[in-house]
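Chains as they are written, first to last, in the working numbering: chain A, 1 to 384; chain B, 1 to 133.
What the hints contain is simulated information worked out from the structure, not anything from laboratory work.
Note that the structure is a prediction, hence the values are computed from the model and not measured.
Where a beta carbon is used, it is the ideal one built from N, C-alpha and C, also for glycine.
Please note that a few of the clues may not be correct.
Just some of the chain B residues that point at chain A, by a computed CB distance under 10 Å [to be verified]:
| # | residue |
| --- | --- |
| 1 | A39 |
| 2 | Y68 |
| 3 | A74 |
| 4 | H78 |
| 5 | A88 |
| 6 | V95 |
| 7 | R100 |
| 8 | A108 |
| 9 | L109 |
| 10 | V111 |
| 11 | G112 |
| 12 | K123 |
What follows is each chain in one-letter form.
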Amino acid sequence: MRRVAVIGVGVTQFGRHERTSAELFAEAAADALADAEMPAARVQALYYGNVVGGETEKQLHTGPQAASVLGIPTVPTTRFETACASSHAAFRHAVMEVASGTSDVVLVGGAERVLNVPTADSTEYFAYASDASWEQTLGLTFPGVFALVARAHMHKYGTTEEQMAAVAVKNHKHGVLNPKAQFRKEITLDTVMKSPMVADPLKLYDCCPFTDGGAALVLVSEEVARKARRPIWVLASAAASDWMLISDKRDLSRVPATERAAAAAYRQAGIGPHDVDVVELHDCFTIAEIVATEGLGLFEPGAGGLAAEKGWTSLGGKVPVNPSGGLKAKGHPIGATGAAQICEIVTQLRGEAGPRQVEGARRGLTHTLGGNTATVLVSVFGRE
Amino acid sequence: MSESSHGKDKSGVTLGRFFEQAREGALTGIRCGGCGALAVPPKELCPECGARGWEPVPLSGEGTIASYTVIRVAPRGHAGDAPYAIAAVRLREGVSLLGRVVDVPLEALAVGLPVRYRPIVVKDRPAIGFGPV
């Protein structure tokens, strides 16, 4: 298999947009191609992530639509749907296309538009990623899924609501430093603790927002990368799944798919969790960040809450997590999230992250979770 | 029941059949003919041993809450019900089901609380409920 590198990244402003998801992707993709100094005519395939386009935009077949709006209508393209992990799944398959020698230049990205529909509708559409017969019928929501995880984690390890709130405070603090973030304002522990309950014990400020946005990156073979100004190498890209039903998971305080994907990624990269300098992970809810830091092996099981409380995951801490502001503050345009996380890690490893730069970062990791913890992707990147 | 409505599921416990029986108050699990593993239908292959042969087994419907939440911001179709409690319940037999908790005060919900299956209807569809023992 050939080595693969990212040589260009592009992310739109995250927040509310009056443009279609295809337009948002096209803006990010054109930025990524410009960043890579790569003519669009050299792109050989598009791997695309989009989740609820069928519901919010009445739009399927979003791959060719995105390629057409970008201006590369003839490249082969496929839309990936693994709920919130969609564009990270697209990325992993694109890595295999380039590594295998099938293509030398591939575009990866995703986009989502949800703020054009009321919250009750988007809440319902996101719930379509849980089981229709067993879970949607009950009125289970995504905050509800992670509330079940939170309650189990609190019961098993004594994790507190204040420790979860510390994750939100930290990610908002990071988000202030990211000009693309949806929320650029600091919040206090009190703000989180006094915000209204969404699904006990998760409050409004434990939850990431609904977001419109797009992200894209240019993935190339080693031969092409050698001619690029600052390639960032893909050291690993791994996926894992788990039982679809929440009730089939034996221990709700853990996300086994994260543990399996991380183990596979570390093996591929030939490194361990303590060799990682910067992490972008899936903090769709504050508890999700705590459980992910444990599943990725950054902290012992049960120590994720303490790590957030002590500032070990803040910029300047032991291992900075979500310097971009994470899904919590940067925003979560679900189809774009995996690609946007990769864009942030590439920016960090290039040393171009400005005030949110993790000094001297040489290796970075991205973690994206899909749906009711049934899909997880983990990728590892390096300067060499 | 005609052959075709059961498809090729040898246990006879399709998703539709499970909920037909659940509506009548009976929970039906499936036991692997190969290794004896207990599961919630529908499943084609045993995740433990790979065998393709299940037998239906009645479940007691008695269990304890493994985790729970109270949904306050509900999806469009459930907004009229909010707030409502949802719990993952570990049944005595070892398998778990997710259900709405009814007739238990929200502040009395707790991990470890014993509950019993209660058929409920949500938006005209049979669904899993749990009530006090």
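Hint by hint, which ones does the structure fall short of? 8
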